[in-house]
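Peer 1: So the protein lines, in turn, are chains W and S. Oh and the first sequence: position 381 is 381 in my numbering, straight run, nothing missing. Oh and the second sequence: position 16 is 1016 in my numbering, straight run, nothing missing.
Treat each hint with caution, since some may be false.
Heads up, simulated SDA-like pairs for lysine to any residue below, C-alpha to C-alpha not over 25 Å straight-line [unchecked claim]:
| id | chain 1 | residue 1 | chain 2 | residue 2 |
| --- | --- | --- | --- | --- |
| 1 | W | Lys-526 | W | Pro-645 |
| 2 | W | Lys-746 | W | Gly-425 |
| 3 | S | Lys-1154 | W | Glu-17 |
| 4 | S | Lys-1004 | W | Val-109 |
| 5 | S | Lys-1154 | W | Gln-8 |
| 6 | S | Lys-1004 | W | Ser-106 |
| 7 | S | Lys-1057 | W | Glu-17 |
| 8 | W | Lys-526 | W | Gly-425 |
Computed Cβ-Cβ distance ranges for the label pairs, DEER-style [claimed, not checked]:
| id | chain 1 | residue 1 | chain 2 | residue 2 | range |
| --- | --- | --- | --- | --- | --- |
| 9 | S | Asp-1070 | W | Asp-53 | 53 to 63 Å |
| 10 | S | Asp-1085 | W | Glu-745 | 45 to 55 Å |
| 11 | S | Met-1155 | W | Asp-71 | 29 to 39 Å |
| 12 | S | Met-1155 | W | Glu-554 | 48 to 58 Å |
| 13 | W | Arg-693 | S | Lys-1154 | 13 to 23 Å |
| 14 | W | Asp-537 | S | Pro-1014 | 39 to 49 Å |
| 15 | W | Asp-622 | S | Lys-1154 | 50 to 60 Å |
| 16 | W | Ala-411 | S | Asp-1070 | 46 to 56 Å |
| 17 | W | Asp-257 | S | Ser-1082 | 36 to 46 Å |
| 18 | S | Lys-1154 | W | Glu-554 | 25 to 35 Å |
| 19 | W | Asp-689 | S | Met-1155 | 14 to 24 Å |
For the record, the hints were derived by calculation from the structure and aren't laboratory data. For clarity, every value in this text was computed on a predicted model and none was experimentally measured. Using N, Cα and C, we set each Cβ at its ideal position, and we do this for glycine too.
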Amino acid sequence: MASTVIGQPVPQVSALEKVQGRAVYAGDLAFPGMLHARVLRSPYAHARIRSVDVSAARALPGVKAVVTGADVPERRWGVAHKQQHVLAKGVVRFIGEEVAAVVATSESVANDAIDLINVDYEPLDALLNAGSAFDDDAPQVHAEGNLAHEIRIARGDVDAGFASADLIHEDVYSTQSQYPGYMEPMATVATVDGTGKLTVWTATQSVFLARQRLAEALDRPVSTIRVHQPAVGGGFGGKIVEERSSVIAAFLATVVDRPVRLGLSRLEDFQSGCFSVPTRIRLKMGMQNDGRIVAKEVDILAECGAYAGLAPEVMLVTAMRSDNMQRIENVRSRARLVYTHTMPRGAFRGFGGTQMLFALNSHLATMADKLGIDPVDLHRRNAIRTGDTSVHGWSIGSCGLPECLDQVTGAIGWSAKRERPETGGVLRRGIGMAAAMHVSGNRTMGNWDGSTVTLKVNEDGRAVILTAESDMGQGANTMLSQICAEELGIPLSHVTVLAPDTDTAPYALGSIASRVTVNAGHAMLKAAKQARDQILDAAAAKLGCDAADLSIVEGVVQSTVNDNLFAPLPEICRYHIFRHGGEGILVTATHDPRTVMMDKDHYGNIAPAYSFAAQAVEVEVDTETGQVQVVETWLSDDCGRAINPLAVHGQSNGAAVQAIGWALHEHLQFEDGRLMNGNLADYTMPTADALPRVNSSIVESNDPNGPLGAKGASETAILPGAPAIANAVYDAIGVRITDLPITPEKILAGLAALGEKNHASV
Amino acid sequence: MRRKTLSITVNGEPVEADVPANRLLSEFIREDLALTGTKRGCETGVCGACSVLVDGKALKSCLCLAAQADGASITTIEGLGSRDDLHPLQESFMACGGLQCGYCTPGFLIAAADLLARNPRPSDDEIRQGLSGNLCRCTGYQGIVDAIREASEKMNGH
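Here chain W stands alone, though its shape is the one from the complex (with noise of 0.2 Å):
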């Protein structure tokens, strides 16, 4: 029988308060005598703080505090680099970094108080381009240099691999920012109770990180410290843990002892919020003329900015992630992360794979030219398989990337429109694909990649899950319940996913790495599975039969060789609880897939599934203006088993665009480390009018490590936009644009020097 709930496009079981404008996110929440903040920034890129005069803005009615960094603790807050301290202490390292802060009883007090505080800096020397970081001169961003990190992989025998190659082919690529553009901006509200507990509501995409790193920050136990998730506008890697602000919040309710909110504006966000990393990618790789990758080779010049944050580990993506999509035997990758004195870059949705996969993507194209071979073909004839072990130690379970290809470039009309003839004249049309792989769960962050799920089912037959993975609007609790409705054989309406809380729910990871479908969704199918065993064998007990032959269907237990003999669910977990020994059906279940650790030379099996994607567009490029139109977009998603349709073919659409901003559009401007673009009218991120019909359609490749086959989906999503746009400018005008974005000037430019080679060759 097929499923009602799973592989059911259902709206999400947050719709109903959303269209109501009744989801209550961290901005929303008032408390009496709540207190509002605000935050003082470094308009110097790179400054001695000298001294700081707060008393002006202390003497102001309605301020309650003004701190500084001579207020806040001495430990250093960090992922692996421990740098940051609440607020700046003795330097400020880029534009925007947080100073001094104000408590006050409303927002406008604050900001009038904001302005009061006197700082006196010392500027100093900024280093604002990554390519100087090196330079003998160059300033020095921490005390250690400004080499943050630095990565060195090889397999197999690289110079042989050139050696036997047909094909050498060299070029340099850079990519450049992106926002994440979450449409809520961040906000928290903190408050300490009478215990001296603080607790924090905040836009976060994994409370436990959130505590952990405010335990380190504020420098006392996680215990005391509670963490809530409220609902999230949307994360897309920036709400994990580099934002700043919750830090800040939470250290100010413990300075007031009250109630605080500290909601940025969209230019703090901009100014304080993570951004990806940009990088500069040197890519070598020889073929076979049959199109055989022979070997690669990858040096990366890559940005974090002012402090490390996860840029170590997105790097590491960018160097050595992509290798795994193919058959490919000799890579070597040198990756170097510098500091500068410019805002914080890190995690972003796709986690470094879309810097890399734009040009290797871009990189294929130009050589299956070469070489006259179809791109299509040539990544076909290269992509890895199920059941192979990729160069890296990646168990491929299941690969849906030939599946990918054949989907988008079907729909589209790739073959026909390869073939049409050039046409010429101002508009020209042309196509591109790209493909891409990404993780789905990765044991990155210590020894246990797994998840716990605790599942109640009250005496009225309905559910409530526990659970700290998060939800920011990507679909996570409408999977979990869809799974706990299904294996419970309730109806949907019938779960509620309790908000993450640090104090009551299991310790969890929360929404990072692809990981929540593939190993909550397994702890969650574990859960259910050992409710419904108790459930069934307190019917058994009630009904004198054997558990073996009952079922749980649309909420009634019924025997499966009796028709007779059934019992409503409701009755029987009341009997589950009233009888000598009973008690209320409460299961905790773990799930930790059977993944590695990468080793010191970064092999090892590290995820659980991989997931795979392809996308084929059209463009058009106007020759006389130089702007470049998408006029039609597909993109497929390898992502196992789509529990979802509905949220599978959302996060699809969405990553397709936010690839087409960056590709395109969305271009961070900065004039002497200042941002001069930090608004949502300069920073322009795609608008629906300027978009065509989004298109995405899924491969079930049915992962045998994932939950009833299923995978991480969206990330993989934004990974293959940027170079199949990059190639479709190729196909459509001959100009091979290799540093993103792609505008209208550089279009221009490439026109012109494409004109003055065919002249010169005249």
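Fit chain S to the supplied structure of chain W, relying on the hints for placement.
Peer 2: For chain S alone, coordinates are given in the frame of chain W:
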């Protein structure tokens, strides 16, 4: 700060208020009336998350002083439909994947209600034009466009 008295209708109910002259309509709705469905996304009139209907027309409430709304009838997202009697747009946003994180959703619903009031049977291009003042980062807009088309068909008896 000077103060202004306001006499307006909000979601069908009369509201009398005394506000500072510089109080934004968005702040008045969110902080004073505690109608937090109206969201704060940019405060510069770009993202559309704070859109409300003022005398039936969509307005970004961060671009308007509360005092300027004196005498007006305002509908916020809380007034568009109720849990047991949803607006067809609310139903179709749910069914078509017109939302994910939900933060932009109230603004889009208000913009869509304004669009369908002016143009009950918009083409897909007209829907996209009608949404050009609202930003969404989750959906890629496709689910929203599909939802508005479906609501339009439903409201026109299809």
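Peer 1: Honestly, which of those hints from before does the structure not fit?
Peer 2: Hints 8, 9, 11, 12, 14 and 15 are the ones this structure does not satisfy, whereas the remaining hints hold.
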